[in-house]
Structure formats: structure tokens, C-alpha cells
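J.: Here are the chains, one letter per residue:
2 protein chains.
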Amino acid sequence: MRNALLAAVAALSLAPAAQAADLAATTLALRDKALTDTTAWDVTESLTTEVGARPQGSPGMDRARDWGVAKLKALGFENVHVETFETESWLRGAESAEVVAPYPQKLQILGLGRSTPTPAGGIEAEIALFRTLDEMLAQPPGALKGKIAVVTQPMRRTQDIGGYAAAVRVRGAGGEAAKRGAIAYLARSASTDDTRLPHGGGGFRAGIPMAALSTPDAELLERMAARGKPVRIKLSLQSTFREKAPAYNVVGEIKGREKPEEVIVIGGHLDSWDAGTGAVDDAAGIGVTTAAAKLIAGLPQRPRRTIRVVMWGAEEQGGSGAAYAAAHRDEVANIVVAGESDLGAGEIFSAKLPKGSREHPAMKAFAAAVVPLKVLVSREPAEDGGADVDGLKDLGTPVVQLQQDAGRYFDLHHSADDTLDKIDPRELAQNVAVWTAFVYAVADSDIDFRKTASAAQ
Amino acid sequence: MRNALLAAVAALSLAPAAQAADLAATTLALRDKALTDTTAWDVTESLTTEVGARPQGSPGMDRARDWGVAKLKALGFENVHVETFETESWLRGAESAEVVAPYPQKLQILGLGRSTPTPAGGIEAEIALFRTLDEMLAQPPGALKGKIAVVTQPMRRTQDIGGYAAAVRVRGAGGEAAKRGAIAYLARSASTDDTRLPHGGGGFRAGIPMAALSTPDAELLERMAARGKPVRIKLSLQSTFREKAPAYNVVGEIKGREKPEEVIVIGGHLDSWDAGTGAVDDAAGIGVTTAAAKLIAGLPQRPRRTIRVVMWGAEEQGGSGAAYAAAHRDEVANIVVAGESDLGAGEIFSAKLPKGSREHPAMKAFAAAVVPLKVLVSREPAEDGGADVDGLKDLGTPVVQLQQDAGRYFDLHHSADDTLDKIDPRELAQNVAVWTAFVYAVADSDIDFRKTASAAQ
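Protein chains in written order, with my numbering: chain A, 224 to 680; chain B, 224 to 680.
These are computed hints drawn from the structure, not numbers from a lab. Relax, there's no trap hidden among the hints.
Pairs count within a copy or across copies, as identical chains cannot be separated in the list.
Listed next, the in silico DSBU-like pairs over lysine-lysine satisfying Cα-Cα at most 30 Å (straight line):
1. Lys457 <-> Lys329
2. Lys482 <-> Lys256
3. Lys329 <-> Lys467
4. Lys296 <-> Lys452
5. Lys597 <-> Lys578
6. Lys478 <-> Lys296
7. Lys329 <-> Lys402
With the rest of the complex left out, here is chain A (with noise of 0.2 Å):
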């Protein structure tokens, strides 16, 4: 205490340009820190193997809660507690699906989030197969009727979301099968990989059951259905929803040292899909943000700003963000940036920051310690923070968007492969490196991204 007291007076005492020399130079530090630090390695292995999957609702999110509120006090964090909110929870049940003709096959399924359950016995159909997704809109209402709709269009591999975004449309489609008289709905999985394991992930109540397909099934579905004869398939998906479920996002602090009510917020989201262990999501994106929070506490003098580390409870079925930002609707002016880690544990290539603050001599600082990282520093402002952010974008909170590269990231991404060995602990530490650097150039300077936006105007 007498330490930071001491440094803090000194600080205080330094020209502008001296500050931003030592922002400059402990930022650099800490990056080098960062790039052989290994807490994002073992939060991440300790989320992933003594708590595993966790879906919004399940007793898996009730360990992950109580894992992440000892994980932030064992590793020194202040004020940390549990904030407590309602949203939906879709869990599944018994789930299978098999060609019955003309060539008897097993297919390798996950139901999708939201899914409306088959009956116990489960139903058998024609299905009526699109290779797009247009194709299927295309059809007129009642094309469909008592038909299985399966939509097989692929995902394109792209460092960024481009491909995932086009991929999601066909997974939500099943409301537009349902409008035309489906009675199920099969979509390719969102996926860029080749194994046998579908990805699964949220779809849109639509009033029938859905569920994706793993990439082989979907190719030998287009096989069977080229050969002419009508293929029929049986498909049993069982789940559980509750409208309104417990819901939790975790909090930790490191209280800064000249102005600890402002507060930069990043985190990753604690909850996951059910297949895998959450490992690249988003057991990564929370050991990234703590292990860079916990790097920046190891100073000899806290930042000036506090960092506040959330662990969002309901990122994959929903809610989590928006329950985060009512909560905090007052405090919002003091919340100075705000950034979510979420796309996997790739390197992350870009940054985009806050509109107008690029050659603020926090960014400059941000800036030199990243570039060696193989970081573009776009010109592009930040426009998506993360979908837990995005509530408090709304309410006029400035946001970072640290792009990470998800070019394998969908390979795994919502199946039983996200797990903890397809991180690598190189390219983990790499994220960590950016968001200490971007973090600490943000807590320890006085840079206001709402003032730099209003100039950039």
C-alpha cells in the first residue's frame, strides 16, 4: 500500500510527456510479461477439465458459477460476487436420427437451441432436400407439407465471421421450413471441418424440432437424394425448456489506484454449449481477459482505473449482455470501454479501436506493443464489441473489438471438439499480450473514447 502510494505521488508529479513514456514502457513490459505468462492456460484447463460442459440452466453452469467465483478470489481479485438474473434454458435430451429408405444409415445429429421436442416415438418423413438455403425460400407456402426440410448448404472458411454469418442464416431457417408446412427441420452444420460430428447451437422458436447435421451426413444425404428414390428419415429429439431459468454473471475487480470508478469491463462468457467442453467457447476468452486483469494487478502500482473482469452466464442461449447492462444502466457513463473475448483462441490479427482514438498516446502505446504481434491496427472504428457488450453499447458505451483469427475456429466451434487440446498455448498467450496491452493503456491513462468520438465527428 505504502509502494502504490509512493508511486502514485510520483506519477502524479511527471510531465504529460514522461507519463506517456512510462505508459509506453510498461506496456511493452507487460506485454513481454504476458507472452510466457501461463494463467489463460490455466484458467482455461482448469475450467475445461474440473467443470466441463455448461449450458445456461444446467447443473454444469451452477459448478462453472461457483468455479468462477473461487477462480477470482484465489487469484486475488477484489469485490468479487455473483450477479443473478432470469433468462431462457433449452437443455436436451435423448436425441436420434436414422435413414430408414431406401438405404437404412445412422446420421450423426445435435438437436438446435430452442428445438420444439418430437414425440417420445418420434417421426418419420420424406424429406425434401435444398443444397441452398435460397432454394428452400424460394419454395411457395404448403411446398413443404409433412415434409422434413434439409437445407445442405456449406460454410466457407474465413479468418473472420464472414463465413459464420452466412452459415447461421441456414441454422435459423427453420421458422421459413415450418412457414412452408415442414414438420422438421435438418440444416447442415455451421461448420467448416469434415468430421462426423455436427455443431450444433441456438436456433429460433419456430414450433418444430430441429437439428443440425454433421458435414458426412449432409453429403450423403445429397448422394441418397440424387439417386431419385424418396428418402425417408426417423428423428427423435427430446429436450426441456423453461422460458425463465437462474442465470449468473460472475464478477471480479482490480480497483484502481486514482479513479477506481472508472471502469473498463472485459470478459469472456462462462456458460457453453453442451457436446464439448467450451474450451475455444469460450473457456478461452476467460482465461484471455482474467489472465490479463491478473497480469496488469501484478504491477508494483495499480492503474489508475479499475478493471472489472465479467464471466457472462448467458452468452449461447441469450441474455446474459442485456441483463448485464440493465443492471449497470447508472453506471454506464463511468464504464470507459467495454470488449468481449469470443471467437475461439487464434492469434488475434486485428484491432479496431474506439472511433477517433488511434493516435491518442494510449493507443500509440497500445499500438507499439502489438504490431511486433503481428496486429494490423485498423483504421476501421470498433463496431461490435462482443454480444455481452452489446447492451452496453447501446446505452453509449465505447467498445474494442480485438478480432481474433477464426479460420479454425468453426471447426470446433458448437461440437463435441471443442475441447481444451485444440488450444494453442502460443497463440493463447499471443491474446493475452493484446488485451494486457490495450487494457493497461486504457486503465493507466485518461483517455475518454467518448471525447475522441465526439471529435472524430
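Use these hints to put chain B onto chain A, whose structure you have.
T.: Chain B in isolation, oriented as in the chain A frame:
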């Protein structure tokens, strides 16, 4: 028929050197044709799409048998028939495994062939985890009493089957676990991949339940065990076992024009494990060898000797090779050479010929055709012609070993990932070209591998 007769007369009238030149030229022409022919792909696509999984003793195998007969007839083979025998059949029922303490998580497993079923409600016990098989083997009798033995020894990727040979020892060690008192046995999958799909396969009857763990699950258990608390697993494996179930070898021939009684026996195995669609194991082998025979049948005249394609019906669970040898014991002296294609669909990188035959003009013609396809024509003689020709080999039949590159094979083998999309049509065609060149060079010459072997003593 008239054309064939005229050509035969013409061939008989050629001097030996001219005959050899003709053989070499036709071998080259066949090779080139094979490289663009789609028969192997079409056959492989057909079997995996229209039949899919086909374990010995299952309805899928019955469909595969009927498919084989129809396919050989459609492709113009002669003497198409089924040779029936009896062998073991182990069929999977419902299976599940989960860690119940200290960190509840579901595990991905596949019961191993010949596993004893658990009671209907499953069994629950503490695990004893070993990172190498030798560690488990070093345990004294009784040391594993009441425990579920787990061996997590990983598999090395190799071009040949060296990596698999070591991994298969781990898969087959259930009896060693039982001897030491274990009540069940879990082995890390014999897999070179990191997907969460377990790789099954045959075990030995050990009187205890036995299953393969997916690679990520084996590593998860290692991490849990390293934390020091007892790890408890609940395991349920249902299955049915018959000592004797009907089994089928499906056969078709291209009759030789001069010495139809002299036979070249080639083929793949028709049965598969049940998790995938048996694409690389072994629809590809069926496709490659059927295509080779079919291409040769398309020449203006038949070769001198008969080419026989056998689709062996119980390679995975054992018995089809032995049954074939037993049924053809009296014919063995007339079987010129035998070989099976059963290591996937990767390129052939090495050809091991029957002993002493490398300098024979027929084998020179073969080498001239395949060296440009990057095939190493080995100085080592063939020792392993494939599991289904071991029985013939034991009766004195020369064998050939056209070694496929197995570098990617064990990413897929015996797992749900064994699907058509994993096959590269160009690599498959290289296989067909090499088999076609070998089979034709033998079938249209008078090479006698028993004589070359004696001369080489």
C-alpha cells in the same frame, strides 16, 4: 469372341521378346487409363451410400452381400457367387460413460469387439490410470482389484503400420487388466487424430467390459487423475455376441483366355465396423481391386489367366480369410498370387513383390509402369498380403504387398469419421493404376512366383 480368338492366336505366334514388349506397352496403357477411370470411386461411393455400416452378423452385412453380388454382375464379372461360412459376430448395443466424481463430465467411448456387456444399469468404480501399457503390465496380480483400468498411451503417426502395431497392443490388453483384478478396461483410441470420435475395433475376450476412449477424453482423464483425487467412472456397455453367425465371401471372376484355371486372387473386405460407413476401411479396397479387374476386362482380349475378385466378409471380426483358404485348399497350387487392399485410400508408396521375382520381365513391366507414380519397388520380398490372404499364404500361395501410405488412415480408421468425403479421388486412382499394372502383368504372362522364390533360395 472372334476378336479375342484372333488376338490370342496373334499373341501365341509372337517371339518372347515381342511378347514382353507387348505386355509392357499394354501395362502402361492400362495404367494411364486407370488414372482417369472412375470405377473405383463409383463402387466406393455406392457401397458407402447405399449400404453404409456393415458389421459381420448385422442386417447391414446382409445388404452388403446383396450389393456385392449385384455390383459384380453389373460390372460384367463372371461366376459371381457367394461363399457362405460361419464366424463370430459381436454387435454393439447402447453405450455410455461418464465421470461421476470429482468432476462430472460425459465421456465419448466405443465398446471394443468381444467386450463383455456391463449389467443393464452399468458399473461404477474408481479408475487406475496408466500412461503406458508397460506401466499397467508392471502391476502385480490383484493390484487393480475392483478398479476400471485406463491406459492412455498415445499413438505415433507413421507412414507404415508401425504406429498402429504398437497401439493395437494397448487396445488388446483388456485380458491383462482382468488378470490384475480390473472390472473393466478403457484404452485410449488407436488414433492419430485429435477429434472427439473414439476409434473402436476388435479386442480379445477377457471376461470384462472394454471400450476405447476418444483422444480428448483420454487426455481429460489424465488431467483429472493428475489432480490427485480418486476419479470415479460410470460405464454402461451393451452388446450381443454369437460364436457362430452366418458370414459371406462374395466372389466374381474375369476368366483367363488361355489358362483359366490359373487364378490371381485380389480383393478387399466387405464388412466394416459400425461407427462410420466403412469408406477407407474397406470400401476403398473393394473399389480399387474391382476397378483393376474391370479395367483389364475391358481390353480387346482377356489376359491368359483368370482374375478373381473376392469381397471378404469378416475381416474385422475375423474368419473370412481362414474360411476362404479352407474352401480353396484343393485349388491353392493354381493360385498364382494373392493380395488384399486394406489400408485405406492413400497412395501406394511401396511395392513388395513375391520373392525373387523383381527381375522377371513381367515385374519389369510392372515397375516401368509404377515408378513414375512414385512407387518404390522394394528389394524386400512381400511378407504380408493382407489379413484375408494369410490363410492362402500359409498354404503356400505367393502374396504381393502394395503398401499404401497410412499417414492419414488412422485419423479415420474404425471411427465414425470413416466416410466417403475423406477419400481423395486422385489418390484412389493411383491405387487402381498400381493394382491394374500388377495384376495385368501377372495375368498376361507366365510368371511363376513359386519358381522365382525357389531360384532365389
